[in-house]
Amino acid sequence: MIIDPHIHMVSRTTDDYAALALHGIKVVTEPAFWAGYDRKTADGFADYFEQLTVAEPARAARFGVRHYCWLCLNPKEAVDLALAWEVLQILPQYLDRPSVLGIGEIGLNRNGANEVKVLEWQVEMAAERNELVLVHTPHMEDKLKGTRLILDVIANEPRLHPDRVLIDHAEEHTIRIIRDRGCWVGITLYPLTKCTPARAVDMLETAGFSRVWLNSAADWGISDPLAVAKAGAEMRRRGIKPQQISDVLYGNPVSFLSQSPRFAAPC
Amino acid sequence: MLELDFLDCRSRLLEVAAFLDRIDRYPDAELARSDFRYRAVIDLVEVIRSGRQQRTLEMLTLLSDPTPAPVADQLPPGKALGAWRHRDH
Chain A
1 MIIDPHIHMV
11 SRTTDDYAAL
21 ALHGIKVVTE
31 PAFWAGYDRK
41 TADGFADYFE
51 QLTVAEPARA
61 ARFGVRHYCW
71 LCLNPKEAVD
81 LALAWEVLQI
91 LPQYLDRPSV
101 LGIGEIGLNR
111 NGANEVKVLE
121 WQVEMAAERN
131 ELVLVHTPHM
141 EDKLKGTRLI
151 LDVIANEPRL
161 HPDRVLIDHA
171 EEHTIRIIRD
181 RGCWVGITLY
191 PLTKCTPARA
201 VDMLETAGFS
211 RVWLNSAADW
221 GISDPLAVAK
231 AGAEMRRRGI
241 KPQQISDVLY
251 GNPVSFLSQS
261 PRFAAPC
Chain B
1001 MLELDFLDCR
1011 SRLLEVAAFL
1021 DRIDRYPDAE
1031 LARSDFRYRA
1041 VIDLVEVIRS
1051 GRQQRTLEML
1061 TLLSDPTPAP
1071 VADQLPPGKA
1081 LGAWRHRDH
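Chains A and B, in that order, give the protein sequences.
Going by the numbering used here, the first sequence wraps up at 267, each residue one higher than the last.
Going by the numbering used here, the second sequence wraps up at 1089, each residue one higher than the last.
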């Protein structure tokens, strides 16, 4: 059994659900993200939250896949503070729905001052509601700086325990600073802008197999919904013990996600 | 590992060399060679040659914005380019 804890199924076809099920990926968790265009109103976000909490779990269930989600205002649409504030006023009414695991993927995109402000608002909301948090870190040249800024925002909210925060899209230059702050680590298998299964397994071999998950973050871009299964194949190719493989692909996600009362581990 | 992955590594390095040759062959090659991204590629090759351990970490750090403060917001936000524009300044 495999969990893909970060995949954007609203952007994928039903054939992808069939492929996930065939490859043993029976649980997915889907963070709210940028749709590839900027939504202009809070109502646009309300429709998206409805899709994530109602339509997508039903679509997944047809293929025997359990679908959970995370809700938030994503960092790429966090520059317009007035719109961001409007969206955060409607967000809480969706957070208690049965498939919602927490707030995410919040974080930073270009490390802008408004992005940081909106991140602080959402971290405060997570702390007040005792929600799990899934964090997006910026791409490429912005990642190291953005990861440091994000970790500082989290450290400045003492009500939010880092054990309840997963920092995603970690790479070789950020994985240790995330671990040093006590947060969980996500490694994203995404062509070009993130990392390959081979590099992800290199990171596991050098930084360890604990408190880390792998995800595909497959979305509307060039991406691979089977990337997590392929990382499993890469681990087997290197002779990594089956228990360690199972921990990374299943046990670790279950440990982190089970901190939410709305998550039920599959049998 | 060498037996399994050498051909893949060889192929990727040849792609890098071909990319640089392509730039040299096309118009405005001089302009491209002065671009921060072209210079970053050359610096990354030096890291590969260095023989030091943790080359991936060193290369990613070399490409990163080292400054600590948030930047001015843009609407819409600009795209990440893959290397920090101001590294030589």
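Hint data in this document are derived by calculation from the structure and do not stem from the laboratory.
There could be a bad hint or two in this list.
[As the list claims (entries may be wrong)] DSS-like mimics (lysine-lysine), calculated; alpha carbons at most 25 Å apart, straight line:
1. B:K1079 / A:K76
2. B:K1079 / A:K230
3. A:K40 / B:K1079
[Said to hold, decoys possible] For each label pair, taking beta carbons as the anchor points, the in silico distance ranges come out as:
4. A:A113 / B:L1014: 39 to 47 Å
5. A:M1 / B:Y1026: 28 to 36 Å
6. B:F1006 / A:T13: 33 to 41 Å
Source: prediction; values computed, not measured.
By construction, the Cβ of each residue, glycine as well, lies at the ideal position given by its N, Cα and C atoms.
Comparing the hints with the structure gives:
1. B:K1079 / A:K76: Status holds; Cα separation ~11 Å.
2. B:K1079 / A:K230: 29 Å, violated
3. A:K40 / B:K1079: 20 Å, holds
4. A:A113 / B:L1014: 39 to 47 Å: 43 Å, holds
5. A:M1 / B:Y1026: 28 to 36 Å: 50 Å, violated
6. B:F1006 / A:T13: 33 to 41 Å: Cβ of B:F1006 to Cβ of A:T13: about 37 Å, so the range 33 to 41 Å holds.
Checked against the numbered hints given earlier, the structure breaks hints 2, 5 and satisfies all the rest.
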